[in-house]
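Got chain A sorted already, so can you dock chain B onto it with the hints?
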Amino acid sequence: MPFDLSDRVQTVPPSGIRRFFEIAEERDDVISLGVGEPDFATPWAARDAAIASLEAGKTSYTANRGKRELRERIADYVADGFGLDYDPADEIIVTAGASEAVDLAFRALVDPGDTVAIAQPSYISYEPGVIFAGGEVLSVPTSKADEFTLTVEALEAAGADEADLLVLCYPNNPTGAVMSKAELEPVAEFAREHDLTVLSDEIYAELTYNGSHTSIATLEGMRERTIVFNGFSKAHAMTGLRLGYALGPAKAINAMNKIHQYTMLSAPTTAQHAAIEALDSCDEEVREMVAQYDRRRQFVLSRFREIGLDVFEAKGAFYCFPEVPDGWTAEEFAEGVLREEGVAVVPGDVFGAGGEGHLRVSYATGLNDLREALDRIETFVEEHV
Amino acid sequence: MSEREVLELLRENARYSTADIARMTDLEEDEVAAAIDNLEAAGVVRGYQAVIDWDELEEERVRAEVELNVRLDRETGYDDIAERLARFPEVTALRLVSGDYDFDMEVEGDSIREVSQFISEKVAPVPEITQTVTHYVMTSYKENGIEFGDGEEDDRLSYTP
Chain A
1 MPFDLSDRVQ TVPPSGIRRF FEIAEERDDV ISLGVGEPDF ATPWAARDAA
51 IASLEAGKTS YTANRGKREL RERIADYVAD GFGLDYDPAD EIIVTAGASE
101 AVDLAFRALV DPGDTVAIAQ PSYISYEPGV IFAGGEVLSV PTSKADEFTL
151 TVEALEAAGA DEADLLVLCY PNNPTGAVMS KAELEPVAEF AREHDLTVLS
201 DEIYAELTYN GSHTSIATLE GMRERTIVFN GFSKAHAMTG LRLGYALGPA
251 KAINAMNKIH QYTMLSAPTT AQHAAIEALD SCDEEVREMV AQYDRRRQFV
301 LSRFREIGLD VFEAKGAFYC FPEVPDGWTA EEFAEGVLRE EGVAVVPGDV
351 FGAGGEGHLR VSYATGLNDL REALDRIETF VEEHV
Chain B
1 MSEREVLELL RENARYSTAD IARMTDLEED EVAAAIDNLE AAGVVRGYQA
51 VIDWDELEEE RVRAEVELNV RLDRETGYDD IAERLARFPE VTALRLVSGD
101 YDFDMEVEGD SIREVSQFIS EKVAPVPEIT QTVTHYVMTS YKENGIEFGD
151 GEEDDRLSYT P
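For the protein sequence lines, the chains are A and B, in the order given.
Position 149 of the first sequence, counted from 1, bears residue number 149 in the numbering used here, the numbering being contiguous throughout.
Position 124 of the second sequence, counted from 1, bears residue number 124 in the numbering used here, the numbering being contiguous throughout.
I should point out that these hints are in silico values taken from the structure, not numbers from a laboratory.
These numbers were taken from a predicted model, which means no experiment stands behind them.
One should not assume that every hint holds.
One-sided excerpt, in silico: chain B residues whose CB lies under 8 Å from chain A [what the hints assert, rightly or not]: (1) R23; (2) E29; (3) M138; (4) T139; (5) E152; (6) D154; (7) R156; (8) S158; (9) Y159; (10) T160; (11) P161.
Distance windows between CB atoms, simulated [unchecked claim]: (12) F21/A / D100/B: 16 to 24 Å; (13) R46/B / A79/A: 41 to 49 Å; (14) A19/B / A157/A: 23 to 31 Å; (15) E8/B / G240/A: 27 to 35 Å.
For glycine and all other residues, C-beta sits at the position ideal for the given N, C-alpha and C.
Okay, chain A solo, but in the shape it has when bound (with noise of 0.2 Å):
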């Protein structure tokens, strides 16, 4: 029969955001607190870099691994920003998003029967990923009674000891809690201990409010088994133009060139030459995206607290996660809230274990917007709870 679909394909069920997604597409006043990228375009000296590349007829492929310039400003960056160190040569990977680096390592490290845990609630892609490398996912779920970072207590309780991989995602989607030096060190600790390989998404890295990030890969003996991604789709608003990179020992990074200079061959050499000019000069735009962001959670904060929904202090990427109220699902809070109101969120369930019961809200949206659909939500809430 023609196109019997593998069963890797198969066992993973359609996104679970599909429906709402039809839902909102039949009203036309609908403000989005679902959507996972910044509101801000890309800042312009990187565009405009991107236009003069292209005028300059810069469109061949790249080296395998990206520009060697661009992995350069890479490891400077890294190595001034979260006191990250790689060499260019082989230790960095510039790759379509970090989200084709997060399937490279997959497709690198795991073998069919491996068992990778994923720290959940955690951005959805992860889960397929291991499914069509041939793994086998193991849940962490964390809690909002440890503010949904990742705990030895909650590891050893899902029994991640006898896993092969390890990932997480701090500061995480989709909570929005970061996770300090003191609450790595016992994960790292852990790892170590039972030998897992660990896959640290760091996308978010940049939007770490009250304080900076810790990387769980400075930590002492994790860097030989850490992998760390990032790219420039969140800080540098850079979403489209589809620029990640990975950064971790020459064996690891090494294997992952091996898969992507068949199947990717080079990043987009557009965006490659945005990103240089994103590095060079863009720090300022990307300071005030961070102080818009922190401004706008600390508005959404305070109006869940008014509203009376249960929220804890999320401090990083550009979310924060309510709880909703007694005696409602997730799923029937969101469908009801868009529905009546016309506000998007995005319930929790749909990013694993740990997530019910509580909704995604992200505050990548003008400050009007947001007083607007917190406006609605109180409305809802007052009709109904």
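Just chain B now, with coordinates in the frame of chain A:
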């Protein structure tokens, strides 16, 4: 420090309510109100105005940038001349600048005739003013940091992971 934060927010949008500014910062509403009072009392915040795109209005509004050269003498300094010019309601902005001319003056009126008359009858005759060069504004693309284009439409999908 909190005043600085309030100032930044007012500069972004002077119509933010004190309640909204409090929500966006670590401040209480009464602290925000006090910070604004202090900024006004200290003369840091001198006023609040709308940023208007006159091209979107039916009525004509004529604006001009005027370069002024002046000659100083023992009794008359830049401040004296500026004070005299700034009193005219037609003058919306007046700055001493470096370069080929001394003052950069912005003037507004209801017609070219009105603005021209103002310059020839009220400004040029000031004894210290030696030269005026008037540039009428044809189109404004950006004012006070706000772009006047159609903006960049938000074409993001309503739900993305």
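Hints, one by one, checked against the model:
This hint holds: R23/B has a C-beta 4 Å from the nearest C-beta of chain A, less than the 8 Å allowed. Because the closest C-beta pair between E29/B and chain A is about 11 Å apart, greater than 8 Å, the hint is violated. Given the 8 Å rule on beta carbons, the hint for M138/B is violated: about 24 Å separates it from the nearest Cβ of chain A. For T139/B, the interface hint is violated, since its Cβ never comes within 8 Å of a Cβ in chain A; the closest pair sits about 20 Å apart.
The beta carbon of E152/B is positioned within 8 Å of a beta carbon in chain A (closest approach about 5 Å), and the interface hint is therefore held. The criterion of a C-beta within 8 Å of any C-beta in chain A is met by D154/B, whose closest approach is roughly 6 Å, and the hint holds. Restraint check, R156/B versus chain A: the minimum CB separation of about 5 Å is within 8 Å; hint holds. Interface restraint check for S158/B: the shortest CB-CB distance to chain A comes to about 4 Å, inside 8 Å, so the restraint holds.
Interface restraint check for Y159/B: the shortest CB-CB distance to chain A comes to about 4 Å, inside 8 Å, so the restraint holds. Taking 8 Å as the C-beta cut-off, the interface hint given for T160/B holds, the closest approach to chain A being about 4 Å. Hint status for P161/B: holds, given a least beta-carbon distance of 5 Å to chain A, under 8 Å. A C-beta distance of roughly 59 Å is found between F21/A and D100/B, which places it outside the suggested range of 16 to 24 Å.
Distance hint check for R46/B and A79/A: the Cβ-Cβ separation is about 45 Å, which falls inside the suggested range of 41 to 49 Å. Roughly 43 Å separates the CB atoms of A19/B and A157/A, a value that falls outside the hinted 23 to 31 Å. Checked against the hint of 27 to 35 Å, the pair E8/B and G240/A passes, with Cβ atoms roughly 29 Å apart.
Hint violations for this structure: numbers 2, 3, 4, 12 and 14, all remaining hints satisfied.
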